[in-house]
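Residue numbers (UniProt numbering), protein chains in the order written: chain A, 1 to 193; chain B, 1 to 193.
No lab work stands behind these hints, which were simulated from the structure alone.
Mixed in with the good hints, there may be bad ones.
As the list makes no split between identical chains, a pair holds if one copy fits it or if it spans any two.
As a list, the in silico DSSO-like pairs of lysine-lysine whose alpha-carbon atoms are at most 27 Å apart [to be verified]:
(1) 182 <-> 103
(2) 103 <-> 44
(3) 99 <-> 150
(4) 146 <-> 47
(5) 44 <-> 99
(6) 182 <-> 150
(7) 20 <-> 136
(8) 146 <-> 182
Protein chains: 2
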Amino acid sequence: MALENGEKSEERSGPTGKYKVVLMLRVMAILATAAATIVMALNKQTKTFVVATIGTTPISATLAAKFHHTPAFVFFVVANGMATVHNLVMLVVEIFAPKLDYKGLRLAIIAILDMMTVGLISGGVNAAVFMAELGKNGNSHARWNKICDKFDSFCDRGGASIIASFIGLLFMLLITTFSIIKLLKPISHHNLP
Amino acid sequence: MALENGEKSEERSGPTGKYKVVLMLRVMAILATAAATIVMALNKQTKTFVVATIGTTPISATLAAKFHHTPAFVFFVVANGMATVHNLVMLVVEIFAPKLDYKGLRLAIIAILDMMTVGLISGGVNAAVFMAELGKNGNSHARWNKICDKFDSFCDRGGASIIASFIGLLFMLLITTFSIIKLLKPISHHNLP
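Chain A extracted, bound-state conformation (with noise of 0.2 Å):
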């Protein structure tokens, strides 16, 4: 009991190894996350197009494309936003808060909300990668028109920003992989002779 206590807080006690490589992954997600979060939060673009001719006159009326009329981008951006500030927490309990620890259940309570990011990332940039698919090819058979070539650098930007959620979920999917086989390492210990 003591030696294992003694073997956990040697663990714990700072950045070294495997635990740097999951601190670092953990930056690099937050670099993805905040990216994709803020490149769809500011994407908009406003187009003037000509509507009409009056005579000589041409009629023009403006567009504007933002990520807010769409649902899917709010969701993106909301979940994006929520992996951010997970992994900002995790990060800062791992560094400066290595002892916290409720019932002996730290790592499992981080490897659970390390999963339940999985999902909402997940859920967020398919969402968003599906809606980006209609806006530039369209769907016939349902009558919806293409948008991307009308607003391109709109496009763009979403594009950008969801490549950036896909390597965040990358991360996520590693930090996460990570976080369980680190509830494994206990048990390996004892196995040793």
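With chain A's structure known, arrange chain B on it following the hints.
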């Protein structure tokens, strides 16, 4: 060491207590995701519209709404199908191969696969639900008209399928939480005086 092995084999010997709960949850997740897969995959509605009238003769066109016209619904079917297969395999492994192990990583591998399935279902169901929302309400900014007023039973069945998938996601979140907590067990055994 010997004691620990004894504990482990006892823990894995048969479906008792919490173990039974996870098996029940897996069965219910299978039912939910399988229902979602089948209902969506068979979702099709053919409708005949009168497009013009020449004299007194109506000219009609027949339109069909099928799930595979929308990429998000195709991904939804694939994701729910894969989740069903995952849970079936896990169920078979847990019932018929309780000793199957790879370097003591059995429980960790199950938890990691469960976590990835959470991501998969979440991606599929969120992609589908935002596409369904578009079909139901349309998007005036992008000039995408709603189609659920024309294809009502297609939308009803799609909605039922999405609800089933969300239930499957809920079960999958619970299962993964249990899988992660299960990894903690050996430690708490050792912590007992």
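Consistency of the hints with the structure:
Proximity of residue 182 and residue 103 under a CA criterion of 27 Å is satisfied in both settings, with 17 Å inside one chain copy and 15 Å between copies. For the identical chains of this complex, residue 103 and residue 44 are neighbours neither inside a copy (48 Å) nor across copies (52 Å), given an alpha-carbon limit of 27 Å. When the C-alpha separation of residue 99 and residue 150 is checked against a cutoff of 27 Å, the pair qualifies neither within a copy, at 55 Å, nor between copies, at 60 Å. Taking the shortest alpha-carbon separations for residue 146 and residue 47, both the intra-copy value of 16 Å and the inter-copy value of 25 Å come in at or below 27 Å.
Neither within a single protomer nor between protomers do residue 44 and residue 99 lie at most 27 Å apart by alpha-carbon distance, with minima of 45 Å and 56 Å respectively. Taking the closest pair of Cα atoms, residue 182 and residue 150 never come within 27 Å of each other, the shortest separation being 49 Å inside a single copy and 53 Å across copies. When the C-alpha separation of residue 20 and residue 136 is checked against a cutoff of 27 Å, the pair qualifies neither within a copy, at 40 Å, nor between copies, at 48 Å. In the homo-oligomer, the alpha carbons of residue 146 and residue 182 never lie at most 27 Å apart, since the shortest distance is 47 Å inside one protomer and 48 Å across protomers.
Comparing the model with each earlier hint shows violations of hints 2, 3, 5, 6, 7 and 8; every other hint is respected.
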